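Q: Below are the chains, spelled out letter by letter.
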Amino acid sequence: MKPTTAVLLFLIVCALIAAGDEVLAIEGQTGEVPLSAETQACVSCHMLYTPGIVHDWLKSRHSKTIPSEAAKKPALEKRMSAEDIPENLLRRAVGCYECHSLNLDAHTDSFSHMGYRINVIVSPNDCKTCHAVEAQQFAGSKKAYAYQNLAGNPVYWALVSTVSGMRKVENHHLIAEQPSAATLHETCFGCHGTKVETKGLKTLTTRLGEIQVPDLSNWPNQGVGRLNPDGSTGACTACHPRHGFSIEVARKPYSCSQCHLEPDVPAWNVYRESKHGNIYSSKYQQWNFDVVPWVIGRDFTAPTCATCHNSLLTSPEGTVIVERTHDFGARLWVRLFGLIYSHPQPKSGNTSIIKNKDGLPLPVTFAGEPATEYLIDTPEQSKRMATMSGICKNCHSSTWVSSHFAKLDSTIRETNAMTAVATNLMARAWQDNIEDNANPFDESIEQLWASQWLFYGNSIRYASAMTGAPDYATFKNGWWNLNVNLQQMKNWIDIKEEVQEKDR
Amino acid sequence: MKPTTAVLLFLIVCALIAAGDEVLAIEGQTGEVPLSAETQACVSCHMLYTPGIVHDWLKSRHSKTIPSEAAKKPALEKRMSAEDIPENLLRRAVGCYECHSLNLDAHTDSFSHMGYRINVIVSPNDCKTCHAVEAQQFAGSKKAYAYQNLAGNPVYWALVSTVSGMRKVENHHLIAEQPSAATLHETCFGCHGTKVETKGLKTLTTRLGEIQVPDLSNWPNQGVGRLNPDGSTGACTACHPRHGFSIEVARKPYSCSQCHLEPDVPAWNVYRESKHGNIYSSKYQQWNFDVVPWVIGRDFTAPTCATCHNSLLTSPEGTVIVERTHDFGARLWVRLFGLIYSHPQPKSGNTSIIKNKDGLPLPVTFAGEPATEYLIDTPEQSKRMATMSGICKNCHSSTWVSSHFAKLDSTIRETNAMTAVATNLMARAWQDNIEDNANPFDESIEQLWASQWLFYGNSIRYASAMTGAPDYATFKNGWWNLNVNLQQMKNWIDIKEEVQEKDR
Amino acid sequence: MKPTTAVLLFLIVCALIAAGDEVLAIEGQTGEVPLSAETQACVSCHMLYTPGIVHDWLKSRHSKTIPSEAAKKPALEKRMSAEDIPENLLRRAVGCYECHSLNLDAHTDSFSHMGYRINVIVSPNDCKTCHAVEAQQFAGSKKAYAYQNLAGNPVYWALVSTVSGMRKVENHHLIAEQPSAATLHETCFGCHGTKVETKGLKTLTTRLGEIQVPDLSNWPNQGVGRLNPDGSTGACTACHPRHGFSIEVARKPYSCSQCHLEPDVPAWNVYRESKHGNIYSSKYQQWNFDVVPWVIGRDFTAPTCATCHNSLLTSPEGTVIVERTHDFGARLWVRLFGLIYSHPQPKSGNTSIIKNKDGLPLPVTFAGEPATEYLIDTPEQSKRMATMSGICKNCHSSTWVSSHFAKLDSTIRETNAMTAVATNLMARAWQDNIEDNANPFDESIEQLWASQWLFYGNSIRYASAMTGAPDYATFKNGWWNLNVNLQQMKNWIDIKEEVQEKDR
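Heads up: the protein sequence lines correspond to chains A, B and C, in order.
Reading the first sequence from the start, the letters are residues 4 to 507 in my numbering.
Reading the second sequence from the start, the letters are residues 4 to 507 in my numbering.
Reading the third sequence from the start, the letters are residues 4 to 507 in my numbering.
This is chain A alone, in the form it adopts within the complex (with noise of 0.2 Å):
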């Protein structure tokens, strides 16, 4: 299909405006930064159509540099990791276009926009062009795999399908169906990630007239694990938003939040109740989230997420505390989030690949034997748990610091034992026929087992990784809970037990 007439008078529109004032507003906002001849039609014409990015990207570091400026940054104050940047980006703002049209032939996405060849979806891929070791980082890490661990995992698809599908009323059965695509899309998929594939090309009427552009599968999406059209995992905007692509975003606890959520992650919930997130709430305003490397003390008093998960720190003194990571677990040597109990950090961010002794593909047994082979052995843990430390280490003392850790150990051997205690009830009412173990998360007490680990232990073992919370995990989605839910569980077997008894 050809432009239309419409699309033509439009383009020379552009031309005419690209040729004006217009563009010397963006030169001006820009300072000397020179834009590419391709970014400056793009911003020419979006400057009207969407002004909202546009002036996003303005505002950004991307429309203020040039990547050969980036690269003579000392080492510890560099955003941009990659060596061989190339030639034809390296003396130009990092603009639409830039972004836009990298790796063409590998992306489904790309088609043919007012006589330039782009993408639709700017992937890690291509992020990787000047963030090479970030998006190393990000490949190996189990946010790449957000979508494929859960749909590649029987028991955990079992899960998503039971939450999220529709239920009907059959024979006075409640019978479950499939969840549909755009509701897994608003649900587990919102946050995993969805899998984006290119349907061919569609047909828009715009105010331009019609303009033909590819026909996404599951788009929009910006979840972390999110399986792109040019073949690459993730979603560098899930933490850097479009068009800013800022590091203050993602550095401060918002961006975790969106998904690091009560009741199953309560990361944000516990840290917001917890010391830090009460510092943190009172003083950031007197903080810098921009700057490079993050200094501890001068630029903050408290951390963030990032702070301990992600961030390259040093000392006021310039000493190096730790590394800039993006893969997100690297630091961490246990895994709280229960699945069925806490367990050492999986060695691959791939989990789906992970078989158990029951011959199920999840870390740990019911029976909580975990499957050690997949996991990180203890001297890689002692390893992960020096870094934290030596973080934490720059504000409390070490007796402060070790203490702390026992407590927690404490809390992950009682937590664990407490869902242990919930799988067994559950396997006596499968072996009483009061439920049936085919779909472990459709009745009623397989549904107070599942609250259990993934609800009230998560949240009482966050609470106590983050020295805070203590009403969380009291009252809020606590022990109370867990006490009050075990009760639940074992009066509805029994009062089954007792109803079918009669029956006989």
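Please keep in mind that the hints were generated in silico from the structure rather than gathered at the bench.
As the structure is a prediction and not an experimental result, all values here were calculated from the model.
Be aware that a few hints might be false.
Since the list can't tell identical chains apart, any single copy or any two copies may satisfy a pair.
Stated by the list, open to error - The list that follows gives simulated cross-link-like pairs (lysine to aspartate or glutamate, EDC-like), each with its CA atoms no further than 20 Å apart:
hint, residue 1, residue 2
1, K396, E213
2, K360, E501
3, K171, D497
4, K75, E90
5, K171, E372
6, K62, E320
7, K396, D218
Mind docking chains B and C on chain A? Use the hints.
A: Chains B and C in isolation, oriented as in the chain A frame:
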């Protein structure tokens, strides 16, 4: 009753103060802006007695501008929409007396205070003197009818009174009592607004001796659909709190979050967890919430509630993107808030006039059929959807926006279908005499049914509409709860039937 | 055990550093304020080993002022209340050594560290050296007794241990075990404070070789009623976190929100949803949280927790509105927190001494009769209510304030009555042998009963008291829950009785 000696003495003191340094101090703070003699008198005494609100006003635009100047602003910058401001208000600051003395004859809450006749409550009809267009738009909205829509609808009234009323036990039965005015004031009518009536005058003993003031029922209250003693409805102060009347406060999401909250209307909770909310929380300190018009890209780079629902927006080039509205549903085509099912927006803000095919004042029947004649038609729905999409498209592509709203459509269909499944289960419980359909909110299966649409269905739809909060839609108050809850409805029906069975 | 060679080497390095640039840098940051030689030694090494807390202190008032100057401030501006500061502290910054070396003989946690004798914990008794009035007020408050009031009260201890203890299944029964110290530390005692005792010295291997430090039980902890190793109670750091000890942090609501949280004490949750909370969130960046005295209208235009409960407030003209207090109940007449019923504030901060007519250490009997002799009388209640109302009246009229508190009275009566209905249902369950009254917290009907007052009754009262959060009081944790929960108590009693009936 006449003013006591103490009051007379006080008035003399105030007069002396008014002639002295205190007033100079006030003039200093308001620059060249003249105050009326009456407002000078108010301020000179209330500076001592209620300094908090006097200083709040002194920091506000009302103390720093005069209507005749405000009227000269270019059309897009105007904050004052009336064309015919009374002559006596034109050239003085908008002070205490200017607002509290309007339309005295209409106010049953007017009284004589220290020699001045004033009203206790400044109503939307008073604000209309300068803000005519806003008051008129508001007057037709669902917000203006928020009290009447509850109090004048027997079904909603059954919900209100069952929720907020006390219980007693008689002969082993729980007996519901009608809720007290005090409790209604703090529950439903806290947001919806109370009916404020003047019961007469009452005598107060104050630091100045005895004074007489109006004795108002159900006061204080700033609910958005308040019935005022001048016969008008609403409270501008619901969103523009006294005595700053700030546009900044109304544009920030905390104002909306006072009422639009989990578990029933979780707009705030969902926004906070969304990408938009994350960017807002991370960056709002660098944005401008006080300028008119509000410019996309320049003043903000992610929307708050007001951006999409209310504010006048322009592009950085000055093109109007959307006009301001104080009819808060004017840009909405579908009503996500399920009563009992999600449905097209009602034509009138007064929803108590609706009659559906069940003969009930509900926009949809129990079986899911909409009361079409009371709801906006398809062309109007499309028009409003185009207005809203037009806002989105300043930052997002056409495909992005249309795919987003297609997902919302799917989610509305699915959550409505899930409500229908629950409604059918409840109907079976009624038919089998497990519960009694006289009041659909006062027994356990009925309460589980109400949770399905009022809490979980609503939450899932809000999460869908705001393109965020996947964890909210999954585990917090979403699909998990929808399915666990349905299972519990069925369990309770089953066990009751089994036990009843054996009774026969 | 003697210092190792590494330690000796380290001390030499520190001494060299102390003589060089590092100290100049410190002096630069603290301007003309002299540091003691001991504190210089601490800082010169800890600048390398714990830079976070050193820099936090460097930004604090303690590093920038000396007591002799602080003592010269006008009475209302004073932050230091002691009259007789020891001579050796008067003319040096309040540094590491000044605080960590106080009252060495009283501290079982004192030890020799790099040649200096210091205490691990700085207790309220140490802070009292300069902040005598605050320490004394605190010492009599419920906060100071927060540990003892739980640990020394058999009823509350039953709640604590039932909530936090593990369970095992034996012969189809759930058996409760005593909670571990680690879990108590992270649940109830996380806020209430732990009992910290010195078990002796322990040897740590650090980067400097082996060092000896006190081995403390239940440490670290900053709970407000902590039992300290010097015999004192409390932790100033609960609200003024180390090492900034900021008045700003204590005045912002996030500090209070670490412990005063839903579901049991939802002060923060209610505040956030209230009009006061909305204005705070929207405007606090324009307020001053660091100035003493705190001036209504000038420094803030809506209250935080500290405004109403603690701070010294004056009007812009300098009139004292209310004196500062660190007895956090001193301005309260009624205790909203239901144990089991809301009641007048206790006379003593130590509530474990109460004996009611049931013979239990509860302020009210199970039937609702208050233990009057342990609670403040009507004149004292009126006096405190007048103090609080006096704060409100700086922004609100007398009628507004009195109508507000009349609503609160009604809500207290109604929620207490609703608790009584639940208590009667539980009594019936005990009488009919459905549950066992040995422990009133360990079976399902009992747990529903506890939810009624501990979660829902409390929440409704907090929402009433803070004139906000109507949705909270309705659907979040309020009347809806109160009535749904009551229905569930009754259902469970009914079904158990029906099934028991058939057993006979």
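Q: Give a verdict on every hint.
A: These are the hints, each one checked on the structure:
{"no.": "1", "hint": "K396 / E213", "in the structure": "between (61 Å within a copy, 16 Å between copies)"}
{"no.": "2", "hint": "K360 / E501", "in the structure": "neither (35 Å within a copy, 40 Å between copies)"}
{"no.": "3", "hint": "K171 / D497", "in the structure": "between (28 Å within a copy, 16 Å between copies)"}
{"no.": "4", "hint": "K75 / E90", "in the structure": "within (15 Å within a copy, 55 Å between copies)"}
{"no.": "5", "hint": "K171 / E372", "in the structure": "between (37 Å within a copy, 19 Å between copies)"}
{"no.": "6", "hint": "K62 / E320", "in the structure": "between (31 Å within a copy, 17 Å between copies)"}
{"no.": "7", "hint": "K396 / D218", "in the structure": "between (52 Å within a copy, 18 Å between copies)"}
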